[in-house]
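*Asks:* Go ahead and model the full structure; you've got the sequences and the hints to work with.
Sequence lines, in order, name chains A and B.
Per the numbering used here, the very first residue in the first sequence carries number 156; after that it's consecutive.
Per the numbering used here, the very first residue in the second sequence carries number 2; after that it's consecutive.
Mixed in with the good hints there might be a few duds.
What the hints assert, rightly or not - Quick list of in silico lysine-lysine cross-link-like pairs, DSBU-like style, CA-CA up to 35 Å:
#1 Lys167(B) - Lys201(B)
#2 Lys209(B) - Lys164(B)
#3 Lys218(A) - Lys321(B)
#4 Lys218(A) - Lys268(A)
#5 Lys201(B) - Lys218(A)
#6 Lys218(A) - Lys354(B)
#7 Lys359(B) - Lys218(A)
#8 Lys268(A) - Lys17(B)
#9 Lys131(B) - Lys218(A)
#10 Lys257(A) - Lys321(B)
#11 Lys209(B) - Lys218(A)
What the hints assert, rightly or not - Which chain A residues stay away from chain B? Per the calculated CB distances, all over 10 Å, these:
#12 Asp188
#13 Pro199
#14 Asp200
#15 Gln203
#16 Gly233
#17 Leu266
#18 Lys268
#19 Glu276
#20 His278
Hints were generated in silico from the structure; no laboratory data involved.
For each residue, glycine too, the CB sits at the ideal point set by N, CA and C.
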Amino acid sequence: MNIPDDRKYSETHEWYLVDGDVVTMGITQFAADELTDITYVELPDADQEIEAGQPCGELESVKATSDLLCSVGGTVIGRNDELADQPELINEDALGAGWMLKIRVADLSPLEKLLDAAAYEKHIAED
Amino acid sequence: MNQSPLHNMHVRLGAKMVDFAGWYMPMMYRGIIEEHNYTRNAVSLFDVSHMGRLRFVGDDVEACLQRICTRNLAGMQAGQCRYSHICREDGGILDDVIVSRDQDHWLMVCNASNHAKIVDWVRKQTTGCKFELTDTTMSTAMIAIQGAQALDECDRLLPFEVKSIKRYRFISGSYLTFNYVIFRSGYTGEDGFEIVLPAKAIPLLAPKLLGDGSGEAIIKPAGLGARDTLRLEAGMPLYGHELSEQWDPLTAGQSWCVDLGKDFIGAQAIRKLEAQGLKSTIVGLELEGRRTARQGYEVFAGDRAVGKVTSGCLSPTLGKSIAMAMIEREWSDPGQALEVDFNGRRTPCRVVKLPFYKQKK
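*Replies:* Okay, here's the thing in structure tokens:
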């Protein structure tokens, strides 16, 4: 499974790519495969403040509806609007074209608690 | 946990396996939507070995099944199948089953989730009846070949004359010492067959139908995920969703499989319900937008809660969000505008006639 080491991972299966004070996030390929075909994505609006560890959106797949969690708090400065019509991008390319949010964060410290690629790989092997 | 005789094949094919009613079964292989579309456009193989298979032999079988089943089984010929419900005294649905009559025995196929309950119920309700009930679920296996090309492919690949089997009929016999039953039936809204073979024979046949992994075969495997969205588009009820002990067959919208002219367990209660008028019924809903209504979501007419969703999906064939729901009768006419509550936010929908999808002839 593709788990690049340029980013951080949460135990709830999101990825976080840091660039300065902007974090791009999405869900991992493992999560996308587990959810099966994703049919609908609800993301927060741009400029919305989101709180670390709280649900900030919803993912619907053929099998289930689940909350989208985000481990960092901050201001949403971008979201992937292509997912509205093409939620399958998440299944096809969860780490790339399936990205979800860009968040400007004031505090990068929650990221320190997240897993690196090796630890995440171990986490899903145990899951 | 029970494993299908095809377990090794599923693993080899890379299936995503799930626990389904105590069985470890394939949910999908390549993707639920892809497998769904492939079934509509071509043909798929489903392992349905988890379904209960009960064999009845003896003088009193017909009379006893008549008492247990809501459907009238009188006059059934060898080679015929009938869909029926099994109800409690109060009319609550215990299961939906397919009853088949063969030359010297009868076969009942029930849901995996109700298997133990139905065996218990049948035994309890038929004490003193002269027949032998054999549970053949573990000694046999069952696959379904379903799809637009199911007839042609089965005709090409099976050593039997299958095209001449009529809908809801079957053939049975022995081939190379293996007993087989081939039903012209299914649960996808497409034409096709359901095949019962000895557990030890199915691992020989199923991989052959799939081309032994050559990639050239027309029949491809599909999992229980696609089976669920296919049956939903076809407006077919699923036990635990549209059917349950809290509802009777009329309320569940399945009056066609109830014969109130005969006596069966639950008949009295159902006659009474019919005379009083039904409070609710199962309807189809078409929702605006792409969101999927899940089981248990409330349905509103203005401020009034008028029912609940029983199943829903984003229909791969129609490209629309569809659902079935148990709705109060006065709000259940086709065209009725309603709203589904998604966690506090309402999505408009309207009642439509079932099925959502009908196979092109």
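*Asks:* Failing hints, ascending?
*Replies:* 9 and 12
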